[in-house]
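S.K.: Protein sequences, first through last, are from chains D and H. The first sequence begins at 32 in my numbering and counts up one residue at a time. The second sequence begins at 32 in my numbering and counts up one residue at a time.
It should be emphasised that the hints constitute simulated quantities derived from the structure, not laboratory data. Any given hint might turn out to be false.
Heads up, the list lumps identical chains together, so a pair's fine if it works in one copy or across two of them.
[To be verified] For lysine-lysine, the following BS3-like pairs were computed, each having C-alpha atoms within a straight-line distance of at most 25 Å:
1) 227 with 334
2) 34 with 166
3) 420 with 166
Protein chains: 2
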Amino acid sequence: MAKPTPLSGFPELLPAARAVEREVIDTLSRTFELHGFANIETRVVEPLDRLAKGGEIDKEIYVLRRLQADESADDTGLGMHFDLTVPFARYVLENAGHLEFPFRRFQIQPAWRGERPQEGRYRQFTQADIDVVGKDELPFHHDVEVMRVMVQALGGLPLPPLSFQVNNRKLIQGFYLGLGIPDVTAAIRQIDKLDKLPAETVADLLVEHAGATADQAGRCLELATIRVADHTLVERVQALGVTDDLLSRGLAELSSVLDGCADAVTATDGRVTVEANLRIARGLDYYTGTVVEIFMEGYERLKSVGGGGRYDALADDGRTTYPGVGISFGVSRTLIPLLADGVLAGSRAVPSAVLVALADEESRPVSERLADRLRARGIPCEVAPAPQKYGRQIRYAERRGIPFVWFPAAQPGQSDEVKDIRSGDQVEADAASWAPPEDDLRPTIVTPTPDPQEKTQ
Amino acid sequence: MAKPTPLSGFPELLPAARAVEREVIDTLSRTFELHGFANIETRVVEPLDRLAKGGEIDKEIYVLRRLQADESADDTGLGMHFDLTVPFARYVLENAGHLEFPFRRFQIQPAWRGERPQEGRYRQFTQADIDVVGKDELPFHHDVEVMRVMVQALGGLPLPPLSFQVNNRKLIQGFYLGLGIPDVTAAIRQIDKLDKLPAETVADLLVEHAGATADQAGRCLELATIRVADHTLVERVQALGVTDDLLSRGLAELSSVLDGCADAVTATDGRVTVEANLRIARGLDYYTGTVVEIFMEGYERLKSVGGGGRYDALADDGRTTYPGVGISFGVSRTLIPLLADGVLAGSRAVPSAVLVALADEESRPVSERLADRLRARGIPCEVAPAPQKYGRQIRYAERRGIPFVWFPAAQPGQSDEVKDIRSGDQVEADAASWAPPEDDLRPTIVTPTPDPQEKTQ
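Same shape as in the complex, but just chain D (with noise of 0.2 Å):
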């Protein structure tokens, strides 16, 4: 069979590079689970109905069918899940009688849309999820949490410089209806084409399709143009001489958010900041609260890599109403176009710590006791593939980015031998207690400076 070619829009990872992605995964996961956050995995189809959205269907969704079925019975009902909300909403009604509320869950897996492939959009890509969901009720106090431990989280990860930008669907409707637009779910449908449109051509938007006067037009972006992250958000709003309930309690929300968020934003040493943004709206209709958006340095042009909210009705089974926050983070999205800039990099693209170098294939099975007594001491090992020289067992290691070689003794009596093949430096060892330095014991993440000639995309 011939080569095979790369398939645009689902990207593979070669090993050293799967390597920062399991990393990156591992470390959000354990930083969601000190967090209480239940780790679940739904299956990758969901019936065509549940993928609807108010009942119109995106039309970037894989759809299955067998093979060989029937023409008569060529669907199956199945399409592939585009994001992880919508199986986990399904996932929550279906289970609802076996789960604690408030239920915290995790979810780290690939999502599919048929669209076109771009730097940062795939056709698959990995998303992580954190959301909470109550029954009935959630108090307010959740979107503090999520906001919280998505700050720790990525503050984690060696990524460039993160910004979450939050605002707050209260705080926008309000303002809209202490104003009196008269249609303001139109008014925010049009302030969120901001990153897309002038603000000139918004305006008129805000005109027609929202009904607001010149002048209303006017204030709603003057509102939107405020970016603060600390306590004068109040003061800007307010000095738009705007007064409304649903704005108060936004307005009240985005501040504890900031707030609630300060210590955790300052432990991360600058890697995350967290500040009001009123021009995030987020397109989806179904928020009602805290809105987010993520975006990291150097890389706008991705536009946001996470983000996520309040939404007062994540599912509903007809008697019970299940509310929810959460946030998302795009793992594919983030990863790939760093990996690809060499921003990031595997500190190489196997486990293994050692190589066990064999004297000739009858002492095959001493190396592999050999190994296996590092092994049992926690150090990734593997033996060399064949009795070559020595010198050319060692450049076996090197091309693989194994960092250590070992020396069985070749009497016994002697000593067994390690050698760092970085610095040359070879010693007595005992794989009863030798053990590599922490950094070396598995892959890392390296953070490279790029070559520039190389940064192509």
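Based on these hints, arrange chain H on the given structure of chain D.
M.R.: Frame of chain D; chain H shown alone:
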């Protein structure tokens, strides 16, 4: 929207059961990495022509089409992989220039088959595969290696006893050749039916389809009854009076596999046994040497829960051949029946080891800071969702299986206290030094004595 019902063949786990699956996957991954196997993850789709085996496409493949595609461009030409071997072979060909050979990889991912679901057979199921792949050649010692690694990996899991039943295609082929059977391949295919059909029927099939005489068919069946774990293997086969070079090579290889696994088997303390079973053929045509199937005690009805072997051409791009040897373990096939039967369970549904109690809503930040101090020391915890009476907060912890409740000091100068809610013991504690017993730190796999009444499947 109405309460959804489960989709047949697409099992999903509740959080406590998912904790079991995660622990199993983590344990397997750790062992694979200790042996130098690198993890990769492949996309879920392959071009349909890659999924075809020998030109024919299995009927159970799920094919993707975009929901809103034109009728004329109905199919994407992509199907979902039905195992992890096909995508791995393609990955090796596609990336051969970037890989070092022999290349050891493990892969733990779902696969999909559109077939009728039954116990242990699902439409979506997770597999854990290890393979070693060489370029042009792959020495035999890697057959022993993958067997040893899988024995160690599965021996580290709290499963019912597992039996690795090993054979060698060269041994069977050589025996049939030495015996003078006209169609060796057909004979292997018939012998493979011994687990479904009575011996006499298989003897008739050997005569009918493989051109064997009645005497030859009888000796084939005699060979197939040999089942031993030690050196008597060689005598037993030689006693059948057939001599052939290929037979001798296969017999030597099979003996080496048994020998090479002996110490690894001993170390599992009875969890894993390895024996030669000369009726194991494995239906797939591409095996060329070692073949193995894994069975689980008390779950023989599942047939094998894993298997694999040596294939001299895992992949081939017309210029280079990539031989391989590997074993696949059915994670879903094994765990889902064990979880359903109550043989395995998760100790709790949440990661939290500690619930930090809440005196009143105003002191939430105090409880949050306290929780963060425990988290910084690796102790998963959550803060009570509401400032209910402490008795109700304790019951909240109880319902989730959280073993400890932490009571922050009521007054400055007083001490915090922590209660083990199982024993009722409550002691003074300091968040800078207190830790739960190791076993309580995270959810663990427990093996309750199953209630026979619940064991319904």
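S.K.: Confirm or reject each hint.
M.R.: Outcome of the hint check:
With identical chains, the CA atoms of residue 227 and residue 334 are at most 25 Å apart within one copy only, with a shortest distance of 11 Å there and 58 Å across copies. In this assembly of identical chains, residue 34 and residue 166 lie within 25 Å of each other by CA distance solely across copies; the values are 15 Å between and 53 Å within a copy. Taking identical chains as interchangeable, the C-alpha atoms of residue 420 and residue 166 lie at most 25 Å apart only when they sit on different chains, with a minimum of 20 Å there against 68 Å within one chain.
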